[in-house]
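A.B. asks: Start from the sequences, fold in the hints, and give me the full structure.
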Amino acid sequence: MSKAVIELRDVVRRYPGDPPVESLREVTLRVEPGELLAVMGPSGSGKTTLLHIAGTLDRPSSGSVRIDGVDTSSMNDGQLSGFRATRLGFVFQQFYLIEGMTVLDNVAAGLLYRGVDGRQRRRQAAVALERVGLGHRLVHRPAQLSGGERQRTAIARAVVGRPKVVLADEPTGNLDSASGIAIVELLRDLHRDGTTVIVITHSPVVAGAMDRRVELMDGRVERDTGGPSHA
Amino acid sequence: MRDTSRLAAADLLALASLGLRMRRLRAALSALGISIGVAAIVGVLGITQSSQSDLLAQIDRLGTNLLTVQNGRQFNGGEAKLPTAARLMIGHIPAVEHVSATALLTGAVYRSDLVPSYETGGIGVRATDVALLDTLNGRVLHGTFLNAAMANYPATVLGFGAARYLGIDRLDEPTRIWIGRRWFTVVGILEPLPLAPEIDQSALIGWPIAQSALAFDGFPTRIYVWAATDQVGAVDAILGATANPENPEQVAVSRPSDALAARLAVQSSSTTLIIGLGAIALLVGGVGIANVMFVSVLERRSEIGLRRALGATRPQIAAQFLAESLLLSTIGGIIGVAAGTIATAGYATLQGWTILIPPTGWAALIAAIAIGAVAGLYPALRAARLAPTDALRST
Chain R
1 MSKAVIELRD VVRRYPGDPP VESLREVTLR VEPGELLAVM GPSGSGKTTL
51 LHIAGTLDRP SSGSVRIDGV DTSSMNDGQL SGFRATRLGF VFQQFYLIEG
101 MTVLDNVAAG LLYRGVDGRQ RRRQAAVALE RVGLGHRLVH RPAQLSGGER
151 QRTAIARAVV GRPKVVLADE PTGNLDSASG IAIVELLRDL HRDGTTVIVI
201 THSPVVAGAM DRRVELMDGR VERDTGGPSH A
Chain C
1 MRDTSRLAAA DLLALASLGL RMRRLRAALS ALGISIGVAA IVGVLGITQS
51 SQSDLLAQID RLGTNLLTVQ NGRQFNGGEA KLPTAARLMI GHIPAVEHVS
101 ATALLTGAVY RSDLVPSYET GGIGVRATDV ALLDTLNGRV LHGTFLNAAM
151 ANYPATVLGF GAARYLGIDR LDEPTRIWIG RRWFTVVGIL EPLPLAPEID
201 QSALIGWPIA QSALAFDGFP TRIYVWAATD QVGAVDAILG ATANPENPEQ
251 VAVSRPSDAL AARLAVQSSS TTLIIGLGAI ALLVGGVGIA NVMFVSVLER
301 RSEIGLRRAL GATRPQIAAQ FLAESLLLST IGGIIGVAAG TIATAGYATL
351 QGWTILIPPT GWAALIAAIA IGAVAGLYPA LRAARLAPTD ALRST
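Protein chains in written order, with the numbering used here: chain R, 1 to 231; chain C, 1 to 395.
Keep in mind the hints are simulated off the structure, nothing from the lab.
Any given hint might turn out to be false.
Among chain C residues calculated to face chain R with C-beta under 8 Å, some are [to be verified]: (1) D3; (2) R6; (3) L7; (4) R21; (5) M22; (6) E303; (7) L306; (8) A309; (9) L310; (10) T313; (11) P388; (12) T389.
Using C-beta positions, here's what the derived DEER-type ranges look like [what the hints assert, rightly or not]: (13) R:H202 - C:E299: 24 to 32 Å; (14) R:R9 - C:A387: 21 to 29 Å; (15) R:G78 - C:A9: 13 to 21 Å; (16) R:H136 - C:A9: 32 to 40 Å; (17) R:E130 - C:N291: 28 to 36 Å; (18) C:V295 - R:N76: 48 to 56 Å; (19) R:D18 - C:I280: 45 to 53 Å; (20) C:V284 - R:Q120: 23 to 31 Å.
Idealized CB from N, CA, C, for every residue including glycine.
C.D. replies: Shown next as structure tokens:
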């Protein structure tokens, strides 16, 4: 049996309150290396919580999370940060580009916390931008870009360090359909190059372009089409 | 371990300047508070020290060897008499290098016999022995000092202030003044004597002519003593008893250089007040920086969330905001030191002093940086404590 890249087992995420809110209820999910996976579900179904926990940005209330074969529950905050810096890449609906920096520097920031020196960071950032088709936009400011270009910049930042897994939270949520399709194409390209890609979406079009679909409802896995390795 | 977050120091500096570059006006205004405080402290310290060093140099130049002996004061403001033997007795003290007796006379000084008698200008007539110039370590500006021969004739030497009042600034032509209903020829004008301002305001005449022409009784009223440098205290202690053995308690011995030294103390006390105000400005500046840093952390929640997702640890987030605050206060402090230095240099140049920036001025810069650290600490910790999921949830 191959080593799963992400493995959630009986994950519960409970928020304190009266009554306590359970965002995830005993979710078990196994993602094999190189999968292209969509997580679907209505608002409040726990999609984003799932992504945060799978990306070590949040911890489960109970259950275990293994990433790349490593149990994360015993890791402290600093170790998890290092884990994110080297093995995970994130793409967000709001892009989160930093306005004070050029497109190139925004992408280079993806390597900042790895201790890579500045010249090397920029060189790799330029390559990553070339790859997402923004080789001509290096010195522009984020404000000068279209929405689609901004999201492509954010994807370049997520992949500049060649992470094992890219986690995308509604990457097309703020884009028109044409730009959205281009982003989906880009994610498929990453998948073809061997990167594991997990996309949260409630767009059936985006989900339809993925190999495997997991549907969440009220914090539980409602349906799982299963990946190629399950077939 | 391979999976650790690392952030190079040079990158941290770039991160710190990022926030400032994005909000230039706000950064400039919050640094301004620090600048004002530091500039006030450096400027006041610099100006005070420069003037004090000037005063010290003056005291140094004049020496602290001079002592004056008086026999108390009279009710009418005149000078009481000392025994005639006092000068001789003092001259026998081994550590006394020069001694000179003077006597304040009752007569007044006029530019000519036509000047009304009430316009004395505060100029006194003093009888003096010919050793006075050496004793005071003084110099002649024009002409010569009295010598033993001239002391018998109606000749006079004017103090610097007296000559100015009488309007005499050169001695190319024979110049006479009206002293005690007699004409005296001016033979010399002295340079200013900061340690003996009373001589500055006097017309000096010889001892014998004073006795013969102005009915002077021969009793000295003020004796100047130049003591050996390391013996000034010892001479001071025995001068009273030496000058007037019968009533030593009546004798007042003073050291004119002490008056100059006293001005140093007065200056430093008024300085304390302004430095206190500067310190308050510095503190208020620190509060301003803390305020700006809090706003910055609030505004940049999503950036904090993003950086956490990119692998920044809590300490690295704290370091970024702390470095920003430190950079802000350091820039403010450096501008303040520069402004204070320029103010000091300008004022000192205007006054003809040597420019002196005291090392304590640099302490103001260090204080500014420390204030930046304190002001930035809590906002930085707030930023670091922010949970990544909370930071990313904000739109």
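A.B. asks: Against this structure, judge whether each hint is valid.
C.D. replies: Structure-based check of all given hints:
1. D3: At 4 Å from the nearest chain R Cβ, D3 (chain C) passes the 8 Å test, so the hint holds.
2. R6: holds, 3 Å
3. L7: holds, 6 Å
4. R21: holds, 6 Å
5. M22: holds, 4 Å
6. E303: holds, 6 Å
7. L306: Since the shortest Cβ distance to chain R is 4 Å, the answer is holds.
8. A309: holds, 4 Å
9. L310: holds, 6 Å
10. T313: OK, holds: T313 (chain C) within 8 Å of chain R, min 4 Å.
11. P388: This hint holds: P388 (chain C) lies near chain R, its Cβ roughly 4 Å from the closest one there, short of 8 Å.
12. T389: Interface hint status for T389 (chain C): holds (5 Å vs cutoff 8 Å).
13. R:H202 - C:E299: 24 to 32 Å: holds, 30 Å
14. R:R9 - C:A387: 21 to 29 Å: Holds, at about 23 Å.
15. R:G78 - C:A9: 13 to 21 Å: holds, 18 Å
16. R:H136 - C:A9: 32 to 40 Å: holds, 33 Å
17. R:E130 - C:N291: 28 to 36 Å: violated, 43 Å
18. C:V295 - R:N76: 48 to 56 Å: Since the Cβ atoms of V295 (chain C) and N76 (chain R) sit about 31 Å apart, the hinted range of 48 to 56 Å is violated.
19. R:D18 - C:I280: 45 to 53 Å: This hint holds: roughly 48 Å between Cβ atoms.
20. C:V284 - R:Q120: 23 to 31 Å: violated, 44 Å
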